[in-house]
Amino acid sequence: MSNFLSSSIGKKVIMSLSGLFLIAFLCVHLTLNLFLIFDNSGELFNHGANFMATNPVIKIVEPILAIGFIIHIIWASILTLQNQKARPIKYAQRNQSQNATWASRNMYILGGLVLVFLVIHIYNFWWNIKVTGNLEAVVVDGVEMENTYLLVSSLFKSSIVYCGLYIAGAILLGLHLTHGFWSAFQSVGFSNDIWRKRLSALGYIFAVIIAVGFSIIPLYFMAGLGN
Amino acid sequence: MADTILKELTLKVWRQKDAKSKGGFETYKVHNISTGTSFLEMLDILNEQLVSENKEPVAFDHDCREGICGTCSLFIDGRAHGPDDDVTTCQLHMRRFKEGATITIEPWRCGAFPVIKDLIVDRKAYDKILQAGGYVSVNTGGIPDANAIPISNDNAEEAMDAAACIGCGACAATCKNSSAMLFVAAKVSQLALLPQGKIEAARRAKAMVAKMDELGFGNCTNTGACEAECPKSISIEHIARLNREFLKAKLKD
Numbered sequence: 001m002s003n004f005l006s007s008s009i010g011k012k013v014i015m016s017l018s019g020l021f022l023i024a025f026l027c028v029h030l031t032l033n034l035f036l037i038f039d040n041s042g043e044l045f046n047h048g049a050n051f052m053a054t055n056p057v058i059k060i061v062e063p064i065l066a067i068g069f070i071i072h073i074i075w076a077s078i079l080t081l082q083n084q085k086a087r088p089i090k091y092a093q094r095n096q097s098q099n100a101t102w103a104s105r106n107m108y109i110l111g112g113l114v115l116v117f118l119v120i121h122i123y124n125f126w127w128n129i130k131v132t133g134n135l136e137a138v139v140v141d142g143v144e145m146e147n148t149y150l151l152v153s154s155l156f157k158s159s160i161v162y163c164g165l166y167i168a169g170a171i172l173l174g175l176h177l178t179h180g181f182w183s184a185f186q187s188v189g190f191s192n193d194i195w196r197k198r199l200s201a202l203g204y205i206f207a208v209i210i211a212v213g214f215s216i217i218p219l220y221f222m223a224g225l226g227n
Numbered sequence: 001m002a003d004t005i006l007k008e009l010t011l012k013v014w015r016q017k018d019a020k021s022k023g024g025f026e027t028y029k030v031h032n033i034s035t036g037t038s039f040l041e042m043l044d045i046l047n048e049q050l051v052s053e054n055k056e057p058v059a060f061d062h063d064c065r066e067g068i069c070g071t072c073s074l075f076i077d078g079r080a081h082g083p084d085d086d087v088t089t090c091q092l093h094m095r096r097f098k099e100g101a102t103i104t105i106e107p108w109r110c111g112a113f114p115v116i117k118d119l120i121v122d123r124k125a126y127d128k129i130l131q132a133g134g135y136v137s138v139n140t141g142g143i144p145d146a147n148a149i150p151i152s153n154d155n156a157e158e159a160m161d162a163a164a165c166i167g168c169g170a171c172a173a174t175c176k177n178s179s180a181m182l183f184v185a186a187k188v189s190q191l192a193l194l195p196q197g198k199i200e201a202a203r204r205a206k207a208m209v210a211k212m213d214e215l216g217f218g219n220c221t222n223t224g225a226c227e228a229e230c231p232k233s234i235s236i237e238h239i240a241r242l243n244r245e246f247l248k249a250k251l252k253d
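Chains as they are written, first to last, in the working numbering: chain A, 1 to 227; chain B, 1 to 253.
To be clear, the hints were calculated from the coordinates, so they are not data collected in a lab.
Glycine is no exception: its CB is placed at the ideal position from the N, C-alpha and C atoms.
Derived lysine to aspartate or glutamate pairs resembling EDC-like cross-links, with alpha carbons at most 16 Å apart:
| # | chain 1 | residue 1 | chain 2 | residue 2 |
| --- | --- | --- | --- | --- |
| 1 | A | LYS85 | B | ASP213 |
| 2 | A | LYS11 | B | ASP213 |
| 3 | B | LYS117 | B | ASP18 |
| 4 | A | LYS90 | B | ASP77 |
| 5 | A | LYS197 | B | GLU227 |
| 6 | A | LYS11 | B | GLU214 |
| 7 | B | LYS176 | B | GLU227 |
| 8 | B | LYS17 | B | GLU56 |
Derived, one-sided and incomplete: chain B residues facing chain A with beta-carbon distance under 8 Å:
| # | residue |
| --- | --- |
| 9 | ALA228 |
| 10 | ARG241 |
| 11 | ARG244 |
From just these sequences and the hints, can you work out the full model?
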């Protein structure tokens with residue numbers, strides 16, 4: 001096993017497994033976020049957010065999630081650097097649009113842009129909740145908790161720039177997933193000529209769900225539907 | 001369809017004296033090329049012209065000129081083996097080009113395939129990968145009966161599809177990462193699918209991947225460009241099989 005992690009396929013397996021883990025996280029994240037638009041009193045979302053903040057299992061998963069992101073980013077950088085080095089003299093003329101999708105050729109750039117979004121996103125919410133911590137308290141069903149709903153709604157109602165930024169983030173993430181989803185399965189060997197079609201179709205559907213799902217939320221508040 | 005004549009074509013060709021020299025593009029004009037001419041015949045016409053002008057002809061690889069030997073290469077107008085799908089450069093014809101076109105011709109660009117001269121690259125890296133494990137060890141003795149080992153039709157077909165690889169290098173040349181995964185996958189797949197090759201499958205996958213990494217090929221990111229440019233249209237499903245074979249072998253260690 002020793003040289004497995006340094007082999008090209010081993011590195012791709014790490015990208016694949018960390019990617020699949022992040023995909024699982026996205027599913028949980030989107031489900032909770034959609035609570036924002038299904039109950040405009042904010043109680044449902046506050047409940048969900050409070051559960052995530054207080055549940056001991058989530059407390060353990062949170063640092064693992066951070067490690068998942070870090071591993072995905074570091075290995076992507078290692079792979080990209082090695083791949084750049086593998087062709088010291090570049091072609092004068094390339095016509096890559098004829099043989100591969102745009103997203104598949106620009107995964108590192110897409111990932112980098114998603115990372116920029118992620119930093120802003122963490123500052124907007126996680127930082128304000130966990131570090132600054134001066135959120136208003138609200139009582140839901142007799143339990144006192146932080147009013148995270150107000151934090152979200154006031155951010156999106158405060159500026160159209162933030163709404164645009166979050167929609168752009170969701171679209172970039174969706175594009176990243178159009179290639180990333182099926183590619184994760186291919187890298188661990190779970191694909192053949194039949195499953196490839198199924199997985200790439202599923203990947204496109206998943207990418208659209210993620211991009212649209214996360215974009216709906218700022219749009220919902222922009223349209224003045226939230227509280 | 002009757003052949004027509006392309007009155008003038010401009011060729012931007014990579015010229016490089018030897019492996020150590022710094023190369024550059026030279027521009028040439030060729031005239032009155034029939035659309036029925038193959039791409040390599042067009043280069044032959046250019047070379048006749050250069051020789052008659054007392055200039056050094058353009059060096060390029062070619063052998064069978066019928067798409068089975070894997071000797072010809074060339075990156076034409078930004079694509080390996082030119083604009084057609086599922087053909088080698090020698091099978092490409094001038095009817096794919098328009099009157100007055102400018103055609104850019106480059107050698108394979110890949111760190112593991114250094115340029116030897118003009119458009120010729122050294123593809124020994126692929127031989128080295130094969131030598132690492134792309135074979136079945138056979139003890140001497142009598143020839144076994146062909147029907148003694150049953151092979152399912154599906155496996156036979158899939159192994160044959162993988163065995164269509166001619167080792168031309170278009171996969172690594174076209175890959176944005178210069179990855180040789182399609183070549184290695186085809187060789188591993190072709191043998192792993194058959195009972196004779198299965199016995200050494202684990203050792204083979206490990207040795208060939210290790211050699212591929214050592215030679216400085218890049219890492220596969222599943223863009224599928226190799227499959228699109230492969231003159232034998234070998235599917236990247238074989239890459240998934242290579243990944244499986246490699247993982248299985250490593251987990252057993």
